[in-house]
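Chains A and B, in that order, give the protein sequences.
Using our numbering, the first residue of the first sequence is number 1, and each one after it goes up by one.
Using our numbering, the first residue of the second sequence is number 1001, and each one after it goes up by one.
Calculated directly from the structure, the hints in this document are not laboratory data.
Idealized CB from N, CA, C, for every residue including glycine.
Mixed in with the good hints, there may be bad ones.
Said to hold, decoys possible - Straight-line distance between alpha carbons at most 25 Å, and here's what the computed DSS-like set of lysine-lysine pairs gives:
no., chain 1, residue 1, chain 2, residue 2
1, B, Lys1041, A, Lys26
2, A, Lys56, A, Lys96
3, B, Lys1014, B, Lys1041
4, B, Lys1041, B, Lys1020
5, B, Lys1020, B, Lys1066
6, B, Lys1014, B, Lys1066
7, B, Lys1064, A, Lys96
8, B, Lys1066, B, Lys1055
9, B, Lys1014, A, Lys69
10, A, Lys56, A, Lys69
11, B, Lys1020, B, Lys1064
12, B, Lys1055, B, Lys1020
13, B, Lys1014, A, Lys96
14, B, Lys1064, B, Lys1014
15, A, Lys96, A, Lys108
16, B, Lys1041, B, Lys1066
17, A, Lys108, B, Lys1020
18, A, Lys56, A, Lys26
19, B, Lys1066, A, Lys96
20, A, Lys69, A, Lys96
21, B, Lys1055, A, Lys96
Claimed, not checked - One side of the interface only, derived from the structure: several residues of chain A facing chain B at Cβ under 7 Å:
no., residue
22, Leu43
23, Phe99
24, Gln101
Each chain, written out:
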Amino acid sequence: SQQGEEDPQALSIQEGENATMNCSYKTSINNLQWYRQNSGRGLVHLILIRSNEREKHSGRLRVTLDTSKKSSSLLITASRAADTASYFCATDQGGKLIFGQGTELSVKP
Amino acid sequence: GAVVSQHPSWVICKSGTSVKIECRSLDFQATTMFWYRQFPKQSLMLMATSNEGSKATYEQGVEKDKFLINHASLTLSTLTVTSAHPEDSSFYICSAGGHSGNTIYFGEGSWLTVV
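Build out the structure end to end from the sequences listed, making use of the hints.
See the structure below:
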């Protein structure tokens, strides 16, 4: 399969809680990106972390990358109902973006 | 505003007919665009790489004669689903950009329903 794994597949939390999603991939990468997708809509780019970086922050988002384990995590702090969406990691493999399975996040008000 | 535009946003067609989806880069020239397919509750699967002025590169398992890709200009790629069947019903998304570390932009996607 061209895709990596993400877990959990679905996550339901209360507003204000933190949400952590994990992604594993199979090949060497130049960078890893996280995207958000609202139901039935296009993708929104959240953050890109390069292979020589270990951690990156953007607002309430924190991404880590462990190239030795071929894994990444996305942490959303102080979640809001508006964060409800599907989240995908994607690895840049020779210019092609290959997506993970995704995590469906539901934040309950 | 959107930098990659897809049209139509949704389309319903009859089995056996062909349907064309357009992907346009609005603010930049794109020598390469990518087409993805997404079934409900699933991830995006890369179908093919669209190359301006040359043949598209298809991923394993994607029928090139069924999913025709034309990239005739630096701002437009089209995906034509030929002889559509109900199992082709899906969400199709294109992307462009990403060269030299630039951001990759995605279109808003096109819902195809084959009845």
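Quick rundown of the hints versus the structure:
Under the criterion of a C-alpha separation no larger than 25 Å, the hint pairing B/Lys1041 with A/Lys26 is consistent with the structure, at around 22 Å. Simply put, A/Lys56 and A/Lys96 have alpha-carbon atoms about 22 Å apart, close enough for the 25 Å limit, and the pair holds. With a C-alpha separation of about 24 Å, the suggested pairing of B/Lys1014 with B/Lys1041 holds against the 25 Å cut-off. The hinted pair formed by B/Lys1041 and B/Lys1020 meets the criterion: a straight-line CA distance of about 24 Å does not exceed 25 Å.
The straight-line distance between the Cα atoms of B/Lys1020 and B/Lys1066 is roughly 12 Å, inside the 25 Å bound, and the hint therefore holds. Annotation: proposed proximity of B/Lys1014 to B/Lys1066 holds, straight-line Cα distance about 15 Å (limit 25 Å). With a CA separation close to 18 Å, the supplied pair B/Lys1064 and A/Lys96 stays within the 25 Å bound. Our distance criterion of 25 Å between C-alpha atoms is met by B/Lys1066 and B/Lys1055, whose separation comes to about 14 Å.
Of the supplied pair hints, the one linking B/Lys1014 and A/Lys69 is violated, its CA atoms being roughly 47 Å apart against a limit of 25 Å. Distance hint between A/Lys56 and A/Lys69 is fulfilled; the C-alpha atoms sit about 17 Å from each other, no more than 25 Å. Note on B/Lys1020 and B/Lys1064: the hinted pairing holds, with a Cα-Cα distance of about 14 Å set against a maximum of 25 Å. For the given pair, B/Lys1055 sits about 17 Å from B/Lys1020 by alpha-carbon distance, which is consistent with the 25 Å threshold.
For a cut-off of 25 Å, the pair hint linking B/Lys1014 to A/Lys96 is broken: about 32 Å separates their Cα positions. Distance check on the hinted pair: B/Lys1064 and B/Lys1014 sit about 21 Å apart at the alpha-carbon level, within 25 Å; holds. Distance restraint check for A/Lys96 and A/Lys108: the Cα-Cα separation of roughly 35 Å exceeds the 25 Å cut-off, and the hinted pair is therefore not satisfied. Between B/Lys1041 and B/Lys1066, the direct Cα distance comes to roughly 24 Å. Compliance with the 25 Å bound is thereby established for this hinted pair.
In summary, the hint linking A/Lys108 to B/Lys1020 is not supported, as the alpha carbons are separated by about 39 Å, beyond the 25 Å threshold. Taking the CA atoms of A/Lys56 and A/Lys26, the gap is near 21 Å; set against the 25 Å cutoff, the hint holds. With a CA separation close to 21 Å, the supplied pair B/Lys1066 and A/Lys96 stays within the 25 Å bound. Among the hinted pairs, A/Lys69 with A/Lys96 is consistent with the structure: their alpha-carbon atoms are about 21 Å apart, no more than 25 Å.
A distance of roughly 16 Å separates the Cα atoms of B/Lys1055 and A/Lys96; the hinted pair therefore holds under the 25 Å criterion. With 7 Å as the threshold, the beta carbon of A/Leu43 comes within range of chain B, its nearest partner Cβ sitting at about 4 Å, so the hint holds. Among the interface hints, the one on A/Phe99 holds; its C-beta lies about 5 Å from the nearest C-beta in chain B, closer than the 7 Å criterion. With its C-beta approaching chain B no nearer than about 5 Å, A/Gln101 sits inside the 7 Å limit, and its interface hint holds.
Taken one by one, the earlier hints fail for this structure at numbers 9, 13, 15 and 17, listed in ascending order.
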